[in-house]
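Visitor: Sequence:
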Amino acid sequence: MSGLLELTAPLLISCVLLAAALQGVDIYAALLEGARKGLRVMADILPALLTLFPALALLRASGLPELLGRLLSPALQLLGIPPETTLLLLLRPVSGSAALAAASELIGRFGADSLIGRTAAVMIGSSETTFYVAAVYFAAAGVKKSRWAIPAALCADLACFVSSAWACRLFWG
610 MSGLLELTAP
620 LLISCVLLAA
630 ALQGVDIYAA
640 LLEGARKGLR
650 VMADILPALL
660 TLFPALALLR
670 ASGLPELLGR
680 LLSPALQLLG
690 IPPETTLLLL
700 LRPVSGSAAL
710 AAASELIGRF
720 GADSLIGRTA
730 AVMIGSSETT
740 FYVAAVYFAA
750 AGVKKSRWAI
760 PAALCADLAC
770 FVSSAWACRL
780 FWG
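Remember, this note's numbering sits 609 above the position in the sequence shown when you count from 1.
No lab work stands behind these hints, which were simulated from the structure alone.
If you're wondering where the values come from, they're calculated on a predicted model, not measured in any experiment.
Some hints here could point you the wrong way.
[As the list claims (entries may be wrong)] SDA-like, lysine to any residue: derived pairs with alpha carbons at most 25 Å apart:
no. : residue 1 : residue 2
1   : 754       : 764
2   : 646       : 741
3   : 754       : 740
4   : 646       : 634
5   : 646       : 628
6   : 753       : 703
7   : 646       : 635
8   : 646       : 623
9   : 753       : 741
10  : 754       : 767
11  : 753       : 738
12  : 646       : 626
13  : 646       : 704
14  : 753       : 705
15  : 646       : 656
16  : 753       : 766
17  : 646       : 659
18  : 754       : 703
19  : 753       : 742
20  : 646       : 636
21  : 646       : 746
22  : 754       : 739
23  : 646       : 629
24  : 754       : 742
25  : 753       : 743
26  : 753       : 763
27  : 646       : 734
28  : 754       : 744
29  : 754       : 743
30  : 646       : 738
31  : 646       : 625
32  : 753       : 765
33  : 646       : 660
The task is simple: from the sequences and hints, build the whole structure.
Guide: Set out below in structure tokens:
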């Protein structure tokens with residue numbers, strides 16, 4: 610079984626290359642175009658990451674997340690959410706990049722196999738940047754009044770955070 614798993618990636622790549630060759634695709638040109646697009650994405654993301662990581666370090670150094678964590682700790686513990694994830698909970702609905710940086714910091718500090726690291730990973734992987742998505746989709750659709758969409762989406766975020774924490778405790782707690 611282990612040998613088959615080790616061959617999965619090479620077999621998948623070989624199948625894609627074979628299918629592309631059979632369809633007459635210039636594989637080298639397609640590879641270069643994909644790399645070019647990847648570099649553009651990296652160039653778009655890099656300034657945000659270079660700004661957000663130091664900003665998060667300053668925020669952490671200020672003690673505000675710990676203060677909020679202590680204030681919200683009883684409610685978070687009642688919901689089964691690790692209080693260490695407070696910053697992630699606050700950032701995720703606002704900024705995906707900032708939340709990713711916060712999750713990265715949590716995983717780096719507590720470890721990828723810790724309950725907190727796993728909870729942070731599941732939270733970020735199963736939630737959305739609510740305000741960004743609402744702004745983009747409402748603008749695209751010409752929606753002027755969001756009515757209950759934002760409160761409903763924030764309730765969905767809370768449900769996501771609670772269910773993420775519960776699932777992590779169930780499987781790894």
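Visitor: Does each hint hold? Answer for all of them.
Guide: Results of checking the hints against the structure:
1. 754 <-> 764: holds (18 Å)
2. 646 <-> 741: OK: residue 646 and residue 741 at ~23 Å, within 25 Å.
3. 754 <-> 740: holds (14 Å)
4. 646 <-> 634: Since the Cα atoms of residue 646 and residue 634 sit roughly 18 Å apart, the hinted pair holds (cutoff 25 Å).
5. 646 <-> 628: holds (22 Å)
6. 753 <-> 703: Holds, at about 20 Å.
7. 646 <-> 635: Holds. Residue 646 to residue 635 sits at ~17 Å (cutoff 25 Å).
8. 646 <-> 623: holds (22 Å)
9. 753 <-> 741: holds (15 Å)
10. 754 <-> 767: holds (23 Å)
11. 753 <-> 738: holds (20 Å)
12. 646 <-> 626: Measuring from Cα to Cα gives roughly 19 Å; hence the hint holds.
13. 646 <-> 704: holds (23 Å)
14. 753 <-> 705: Answer holds: residue 753 to residue 705 is near 24 Å, not above 25 Å.
15. 646 <-> 656: Given that 25 Å is the threshold and the Cα spacing comes to 17 Å, the pair holds.
16. 753 <-> 766: Judged against 25 Å, a Cα distance of about 23 Å means the pair holds.
17. 646 <-> 659: Cα-Cα ~20 Å, so holds.
18. 754 <-> 703: holds (19 Å)
19. 753 <-> 742: holds (15 Å)
20. 646 <-> 636: holds (15 Å)
21. 646 <-> 746: Since the Cα atoms of residue 646 and residue 746 sit roughly 24 Å apart, the hinted pair holds (cutoff 25 Å).
22. 754 <-> 739: This hinted pair holds, its Cα atoms lying about 16 Å apart.
23. 646 <-> 629: Given pair residue 646, residue 629 holds - Cα atoms ~19 Å apart, limit 25 Å.
24. 754 <-> 742: holds (15 Å)
25. 753 <-> 743: holds (11 Å)
26. 753 <-> 763: It holds: about 19 Å lies between the C-alpha atoms, which stays within 25 Å.
27. 646 <-> 734: Since the Cα atoms of residue 646 and residue 734 sit roughly 23 Å apart, the hinted pair holds (cutoff 25 Å).
28. 754 <-> 744: Holds, at roughly 11 Å.
29. 754 <-> 743: Within the cut-off at roughly 11 Å; holds.
30. 646 <-> 738: Distance of about 23 Å is within 25 Å: holds.
31. 646 <-> 625: Within the cut-off at roughly 19 Å; holds.
32. 753 <-> 765: holds (22 Å)
33. 646 <-> 660: Holds - the C-alpha atoms of residue 660 and residue 646 are around 22 Å apart, at most 25 Å.
The structure shown violates none of the earlier numbered hints.
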